[in-house]
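Two independent chains are provided; combine them into the complex using the hints.
Here the protein sequences come in this chain order: A and B.
Residue numbering for the first sequence follows our numbering, beginning at 1 and increasing consecutively.
Residue numbering for the second sequence follows our numbering, beginning at 1 and increasing consecutively.
Don't read these hints as lab results, they were simulated from the structure.
Keep in mind the model is a prediction, meaning the values are calculated, not measured.
There may be inaccurate statements among the hints.
Just a few of them, taken from the derived set where beta-carbon distance is under 8 angstroms, the chain A residues facing chain B [claimed, not checked]:
1) H449
2) L452
3) L489
Below, a list of computed lysine-lysine pairs in the DSSO-like style, where the Cα atoms sit at most 30 angstroms apart [claimed, not checked]:
4) B/K508 x A/K476
5) B/K58 x A/K441
6) A/K293 x B/K85
7) A/K293 x B/K66
8) A/K286 x B/K38
Beta carbons are placed, not taken as given, at the ideal position from N, Cα and C, and that holds for glycine.
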Amino acid sequence: MKLVVGEGSCGLAAGAGAVYDRLDTLLKENNPTGAVLDITGCNGMCFLEPIVDLYDDEGTLHRYVKVTEKDADDIYAAVSAGDLSSLDRLGITPDDAHFLEAQTRVALRDCGLINPENIDDYIARDGYKAIEKILKTGMSQDDVIEQIDISGLRGRGGAGFSTAFKWRAAKNSEGDEKYLICNADEGDPGAFMDRAVIEGDPHNLIEGMLIGAYAIGASTAIVYVRAEYPLAIVRLEKAIKDATARGYLGDNILGSDFSCTLRIKAGAGAFVCGEETALIESLEGKRGMPRLKPPFPAQSGYWQKPSNINNVETYANVPWIINNGGAAFAAMGTEQSKGTKVFALSGKIKRGGLVEIPMGTTLRDVIFDIGGGIKNDVPFKAVQLGGPSGGCVPAEKLDTIIDYAELGATGAIMGSGGMVVMDETTCMVNMAKFFLDFTAKESCGKCIHCRLGTKRMLEILDRIVKGQGEEGDIEKLEELCYAIKDGALCGLGQTAPNPVLTTIRYFRDEFEAHIEGHHCPAGECRDLITYSINKDKCVGCSACSRQCPANAITGELKSPFEIDPELCVKCGNCKTACRFGAVEVH
Amino acid sequence: MSIKYTIDGVEVIAEASDTILSSALRAGVEIPTLCFDKRTAIYGACGICLVEVEGVPKLLRACSAKPMEGYVVHTDSDRVVRARKTALELLLSDHTGDCRGPCKLNCPAMTDCQKYVQEIKNGQFKQAVETIYEAFPIPASIGRVCPHPCEDACRRQLVEEPISIAFLKAFAADKVLAEDPYVIPVEPDTGKKVAIIGGGPAGLTAAYFLKMYGHAVTIFDQQPKMGGMLRYGIPEYRLPKAVLDQEISIIEKAGVVMKNNVKLGRDIQFDDIRNEYDAVLLAIGAWTSVPMRVPGEDLDGVEGGIYFLEKLGLGEKPLLGKNVAVCGGGNTAMDCCRTAIRLGAENVYVVYRRTRNEMPAADIEIEEAEEEGVTFKFLTNPAEIYADENGHVAGMKLQIMELGEPDASGRRRPVPVEGAIEDIKVDNVLMAIGQIAKCDGVEGIELTKKGTIVADDMTFRTNIDNVFAAGDVTNRGAGIAIEAIGEAQKAALCINNYLEGDEVRYKKPYFVEDEKTEADFEDRPKQAREKMPGLSPEERRDNFKPIYFGFTEEQAINEASRCLDCGCHDYYDCRLIEYANWYDVHPEKFPGEVHSRPIIKVADPISHNPDKCVLCGLCYRTCDQVVGQTFIGLYNRGFSTIVNPMVPADKAATFCATCLKCVEVCPTGAMKSEIPVVRRVER
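The shape of chain B in the complex, shown without the other chains (with noise of 0.2 angstroms):
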């Protein structure tokens, strides 16, 4: 005889033998659970599958409890989802692992760096490049030129030095470019249209990612040719173009039509373009250099520091005076001091009112900016810019500088030595102190006070309908190019989701997220970074020859295989923090005790993370009510609970099956094999 009863208002129809669990199931009423598998006895430890019945007093647990005839089921009521959300929380309160390694969760566009470092070292390039272009195009570009805020997350710095992230991305991005290009997969055409305003890392990746989706996707680029700041912002020897032309192309071959040349509010028209696409893409990047607001600065031979880069990037050649100097102390400055030594230049000075510790540029750039011969003076401010008789730059006046208090930023505050000046003779001036956006053209849009477009940072929006933006242009104004890659990336599903009707917020996913220090990592072995091969300071001063080689293919398996491997290996197959993100769980409300312990080595191949388990029996159940042996069980009560083997470890290979069983039913990362197990319940 069958059972009539509703679950959130879908009619299910359930056998004398169903549970609430079994019958919603097969009416496609999802209802999460951690300790069901049909194959066992039903257990109902993990409390997550609690239903709400009308006129029952109590929560049931769907895994046990008999529907019966007009039973209301509700599975989504306030009391449910505190009810399993807590619960999720408690878990959670007491779960220590890495869902994802430090790498991951600091690079703003999420690349999987662990997963692509870890399939380097295994001689998966293809796999790796395809691992990075789940994140974003361009790799080869972008592991030449990134900041690389993974590797300053890295946590193999606890044992001596982090892993060589971003030159591993571009050693097999350039292996794969040069042996088999990746091709993007592209879906069915959707008949949706949209215009990208910018080709710079920003705009490739939306068009990238929208093309994929399957919408007709156009770019408007100001410039002869895409690649923005990429192009004509960082020099040649940093990142040939050849190389950036390349992963173009690959995008350009997925159906991306680019248009060059075109200058919103000159060629096109904002409004037009709004109307004749479905949706718009402003990322159009940061073009305008800071003025210093220093007398002098209107001189001839007074440059922004990017407009002298794009120069160079649109061919021209600069002329540039003997003496040279570059105000401002991040990569810009860099970019601009070392090219001008290419160009000729006998002294350039860096010119920045703080020390080198505070200074942004990445070490790496001072350390060869340093080696190309350029002079740095530090804890000096431009006063004054005086000129030549013919009104040309002359000189420069700096005011002597010490550092007091620190400021908002937390750098020690930079204040004048009174009455101490140092003069000295340049032929030009180059400024490099920041970049602002500039929206010429885009009629009716909101900006902020600095001039950049205000967008919502979760939906991207602006305050136009069909209107989105990105990048550099957007709110806080210029950072690194990933962070542009990144605000891009998440645009796109936006505007994909816009497309289709609904309006979603990018929401970032909940992660569980352990602490390490040195302490965890004595044992490790040291093992040194792999050294970037390239041209000697002599070889690269007169040229814009690149100035790396490349990892060689065992210099770059020897780094990846350095890495520690934080982030959990289950983390896809994972129940818990699939149902973790789908309650929007804060354990942080539920402080305290945090179980450490070492893990349990079960029987070769597996061994047991408790930290990670959530004890929801499958493990021991399996083994006793599905293989028949009882080699794992339960020691200990309440808090201090343990899933152990019940035999000694020198008796392990006499008792324990190893069929793998117990890994196959773990819901989380706990029960681990070193033979790969496809993770797998029935319910």
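Extracted from the complex, chain A is given alone in its bound form (with noise of 0.2 angstroms):
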């Protein structure tokens, strides 16, 4: 028997770590079935961790979720006892389960199957197969961009650029010196599908790379990984150590030609740096603050010197395809946008976690059949693709398919993937407002339209969420939106309205509604809602007046509560804390 726990970071942060520690402590103390202990990376299931995974004698696979330090020693003793029956209790549920059954991986394949601390896990599963298979059949260059063609992939970290183009024009730029770079600084809130693969799976990134490296001339390559992913980097450079070793990486790998070394470089937590230019910048040790464009990096990147640079998914796809073909790549999808994409879910859903399908599938499907629908049921409001970079979809177009073009109809992006699920209890202004907070704090301060266009759209919204708005404010956010657009020097300042523009644009009576009405229809915005007490249905439990933060509900029990207006702070302690619905807001 085998016992898997899953350590990703969000195994770690539910307890996974613990869990561990207890079921090693316990199996070291005492093993009487000879059961093996093992972790592995995180599987997209991040809402039920932590996960451990047992796999029989016959190979066949329980998983137990929620599981807590005291859980660990029940799983140990029916371990011990060879009887799992006790376990049911912990057992994934069916509807549960169809969270990964109605996924289709290719990037995250390995994710949740392998320890990735283990080089063998990886080689068990056709690991290094695809750089063997170039090397040793004598693939060429051009043999290789040609599959990456046929494949149809394009870059997965927002702008979404054919692969194949940008290899191709970097093998053809001149230099005997090319650079080959992974951009693993995933900044945009709401996506970690680039963690979980260098958590879970990093071998698979060096080979993506490996192969890029090959099909481009390049004999350096670097992981630009942001600091705040220790973990990742723990890992990452445990598997450049053992792919080392193995000769994977360094001189005449596999015996030819071919030699590439690989090295880290920790980013210091700058969101533009996500930006290619930037991150070259930042990895040539100056401010991170975007070059122009052109000259690409293809032509003059890191040191000048001809670079090309994928995202951590891109690569992760790239041995798959390799092993596959190209054509197994591009028989998934729909005619403009091949294969599959991950997405993090996460916001008002039941199920958040990462979720891999193939291009084409409804952002519906994503929403209610993968990721169970939203939390308590609450109707649906839009979903925020691409993060600050991307815009909202609004209910009504929740069988828009996702694929490149269809989803930029919308006005959001595919972005890299991430997807924040809310219901009607968000507002869509304070929403834009939040994600241009984030662009207008991770300018680098370096072009006007960025640095005080998103300064001044952030202060519109700010005073509409306050119910300080004015006639022509709407118009006034168009006008700088589109301004930024075409003004920005680079991508985070010429997507950064788009999180407004498409709230305006699907939502523009909740504006004119705080603007006009001085009112906040979901009930979001403190300064324009007030929270009182339904004394028909107070039973006066006091449970309100207990989570109040301010002494501002005061009351007899068993007679009803009353807030205080003047010392409220708008917490929403108190509904939460009602079990009877008598908590109001207006």
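Next up, the structure:
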């Protein structure tokens, strides 16, 4: 029997470390059945962490979810007794299991299945077969790029540019020294698939990068990882060491003429460093600010040498494409968008986590079938795609398919795959303000349109959510949006207006309600709402009063309580605490 | 291999190494940019150089974009203009400073007061006078009589008292007039002829400018001498006519033909003048006294104040009795009452229906009138003037008033106190409640209800082709001399444009203006305003001698050194303000947080004002890429981004080469050096 604890960052945050330690301690004391304990990365079901996968002697998987340290004792006991029936209470429900079953995994194919710190686990699942195939069957650089071309793979980091086009450009650029760079500066709020790949399947990334380096003719590859991903860095460091030891990295890889080293550069936490030219500046030790394009990195990148930059998810698809052929990848998806895409599902969703599905799936399927719908079955309002660079898609467009062009037509973008689900209690103006606040703070300050334009937009939005909006504010926002899109230097600035533009497009009435009626229809904007207790519903239990941080709620037990609006700080604790729906928002 | 493309219809040939910017500049197409200097790597921060290329969806930054064969580039499409304008407006929405000081901005003639005050401070008196002549001629005269809106706006008041700007002007003008009078530079003859009707402040100013532009200028004036109201409305003790004569002679020497004793409609006909000259400027002023509409105002001994002063100007000696009443509270009333005292009147009353606080006359005039013995009868209004048996004025009944609610002008409206009447015995009544224009002899000209000439306030054109008008005779009527001068200066520009064949409307330039409070100057040491030396009240009561002696040189320099030097020193080199005026910006569209950060001491003698910085990066990029130092750099992100030295101030001397290159390339006044630096970028 084999016990595998999910130790991605999400699992560890939920307590997987303690579960592992407990099992480890118990098994070291006494292990009558000879059970093996192992770890794996995130399998995508973040909403069920910590997860313990138990493979019985027949190799059948029993998945236990939301396992506590105390549950670990029960698992140990059952394993030691050879009778798992007592663990049924911890078993995953068929509904939840559907979350994974409904997915098609290419980039995440090993995540949750292998020990990321063990190169043999990777090799056992056809790891490093793709680079072996290239080097041993004599595939040329062009042959490799040809397969990528056939696959139709487009950059998964946000812009969706053709990977084969970039590789070919870098390959054809003159220069004796070229660089292959991986952008692992995953900064979009709500996106974490790159972290999952590095933490759960680092060799897949290494192999993908090796293939890219071979294709463009680079002998140095660099992974730019954000410093906020310490576990990813540790696992990648180990993977590089192991791969080098096995001859997959270094000189004359697998006995060929191809040599390539790989190193890590930790970023310092600036969102803009996810922009490829700012990333290069940062790699060179400079302040992370975008460069003008052209020249593109393929012509003049890192240290002015031809360089190719893709993100983690893009590279993670590459070994699969080489192993299975570009056509197999292209067989999935739509006419213009091939293969699969990973989405990070979060927000007001029942099942939040990583979802990899073929292009062409509808948003409705992702949110309602895989994600299980909205928490507490509140009506769905919109989904924000592409983080601060993307836009929202409203309920009436839920049947939009996942496709670069189709999503683009809604005003949103594919982006890096962040999918933040919102229900009707979310104020769209406030949501737009949240993302703009993010971009305004993360603006590097270089160009006028972004530095000052986002600031002025944020100030307008701030006024609106405070009920101080003025007639003409929407038009002024739109004017600034278009000016920023036209004038900003890099992708950060050019896309910063998207959340505002799409919310105006689909939820203009909410903006108008704030401005004209000083009213927040979603009941979220603090300056525009008041909390009160419905006397007919209140049973006088005092639960609200006990949760109030401002001592604004008073009353006598068993008779209706009251909120003093002067003292109320509108935190909403009372509404959450009340089990009778007596706290009302106006 | 060269590339052919067009910008705004101009064919451009570019080399492979060219950008759109470099090839456009070579072809003579101007593309604005704040962050480009070819000695540094292309940066692309400002976005002012955006251009539109047909068939290319995005706007391109001309500084970096390479032209391609057949490109059709536009630098003036709506989209380009909008993007550039928004960038400038955003920059200016967080740009704090004074492009020009409040003194200049409040001068109707936009005289660069700060500049000439500073020049006086430096002892550069001739330069100071040249500075004034950029705005108007006759500075010695105006310096004596101007009610100085500049001083009313002067920020030194926030420390203690305003700078004595007007007297400083008179000082410098007098000194230069005595030592080495100014010579007006004149452009070669254009062959165009301009007639100016009226030789007052407006006519003289317009003549001065039009002559400089190279036109043949003739002034026609009905009086025996030029000067208009300066000569015939302002008494000698305030403006010695010898000074005015000298200043007029400077204009005459430049070649302006002056014809006196010529009255329009009597000696010359309007239509003839129009036909004979390419352009005509009507600057005939407002010479008619406003009647009071009080019973008895037609009596013998009742007269308009300006007529009384005019007689004096013509050398007549008006006869006055012992008791004189002057009605009105403006500067003309003050001139009348003080003149009456000087002519020997024993009791001179000023009858004014409000209180001293509401008097439009300058404080100093009221003070000096009181010193000279004038009696002010505030809150009284003429109700009736009555005669003696000979039909001559014998006295006046005054209605006692009190102040009620504020009126449209903001001043409290005087209302009669029922039945309260005061009787004063007077021999003469001088009415000084206003003056209006009378446009006899100007056939076919469109007039306002008031009887003034309708003139466009941006082009100064009247309804008649080739006829312009400026000064007291137009629109809202009589004002102060410097207002008439300001109009004449702009009218001259419009006439010049008209003579060159295009109509250019005068447009007030855009300026960044700061708002300061007393708190901003708390640490300034106080230094009192210099007192103007002059005659004592006793010495001046019985004569028309000039009452002021003028500043001594020491006093003038002392006074000038009080100037806070508000306006930006780099105004004339500033590309931000230049472009702002190209694109007619309205930064007030984007209100919001505005920075207020202290000046950063970079390294002696360099300092940096982050509130004027546009973050073009030229300073630190030049330091890094041209000089090879990395002494300055960027800190923080987004709205908080700031240029700062990269080492602590005490180490500055070790690291900064003080080459001043950072100051040289700054497109605004943000980087500043105590040592003068010529601002220069290479494009």
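Practice item. Could you check if A/L489 really has its C-beta closer than 8 angstroms to a C-beta on chain B? Key: With Cβ-Cβ at 5 angstroms, under 8 angstroms, it holds.
Review point. With a cut-off of 8 angstroms, does the beta carbon of A/L452 approach a beta carbon of chain B closely enough for the hint to hold?
Key: holds (4 angstroms)
Review point. Taking only the CA atoms, is the gap from B/K58 to A/K441 under or equal to 30 angstroms?
Key: Within the cut-off at roughly 25 angstroms; holds.
Exercise for review: Have a go at the A/H449 hint: is there a Cβ in chain B nearer than 8 angstroms to its own Cβ?
Suggested key: holds (6 angstroms)
Practice item. Take the C-alpha atoms of A/K286 and B/K38, compute the straight-line distance between them, and say whether it is at most 30 angstroms. Key: Within the cut-off at roughly 21 angstroms; holds.
Review point. Do the alpha carbons of A/K293 and B/K66 lie within 30 angstroms of each other, as the hint requires?
Key: Cα-Cα ~11 angstroms, so holds.
Check your understanding: Is the straight-line distance between the alpha-carbon of A/K293 and that of B/K85 30 angstroms or less?
Key -> Cα-Cα ~23 angstroms, so holds.
Check your understanding: Can the restraint linking B/K508 and A/K476 be considered satisfied, given a maximum Cα separation of 30 angstroms?
Key -> OK: B/K508 and A/K476 at ~26 angstroms, within 30 angstroms.
Going through the hint list in order, the structure satisfies each hint without exception.
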